[in-house]
Amino acid sequence: PFFWLLDSKVPALIWIAFLLGNAICHGAMIGTQPSLMGELFSTEVRYSGMALGHEIASVFAGGLSPMIATALLAHYRAAWPVALLLVGLSLVTVITLLFTRETAVRKTR
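All residue numbers for the sequence shown refer to the numbering used here, where the first residue is 284 and numbers rise by one.
Source of the hints: derived by calculation from the structure; they are not laboratory data. Being a predicted model, the structure only gives us computed values, none of them experimental. Possibly wrong hints are sitting among the right ones.
[Stated by the list, open to error] Pair by pair, the computed Cβ-Cβ distance ranges are:
1. R329 x I297: 29 to 35 Å
2. A295 x A344: 24 to 30 Å
3. R360 x A311: 28 to 34 Å
4. R360 x T326: 48 to 54 Å
5. G332 x A362: 15 to 21 Å
6. R384 x N305: 16 to 22 Å
7. T326 x M350: 33 to 39 Å
8. L372 x G321: 34 to 40 Å
9. H309 x R384: 22 to 28 Å
10. I297 x A340: 14 to 20 Å
11. I313 x R384: 20 to 26 Å
12. S318 x A344: 16 to 22 Å
Just so it is clear, CB atoms sit at the ideal spot from N, CA and C, and this is done for glycine as well.
Could you build the full structure based on these sequences and the hints that come with them?
Here it is in structure tokens:
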């Protein structure tokens with residue numbers, strides 16, 4: 284739906300796409316990420332583990348993805364390849380979460 288709203292070229296719909304995307308999707312990620320990252324690591328390595336995990340992922344998701352998306356958009360002259368890139372990144376996230384161990388039964392201190 285996000286890319287359909289962008290492809291409409293109607294300014295109001297583009298604003299709605301960005302507002303809903305930031306309010307819902309970004310908020311859901313930022314709201315849950317700290318607790319997940321905090322539970323993944325023991326207290327001895329928690330800060331280092333969180334920092335390394337977050338920053339290395341930022342290189343790929345935040346650094347390379349815009350360049351890849353721009354190249355896809357320039358080559359295909361359509362938004363659907365960029366949407367497929369995001370679907371692929373989302374699948375990586377889901378697969379990673381499936382392999383994440385539950386930590387509710389483990390002591391965090």
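| message | Tell me the numbers of any earlier hints that the structure contravenes, in ascending order. | response | 1, 5, 6, 8, 10
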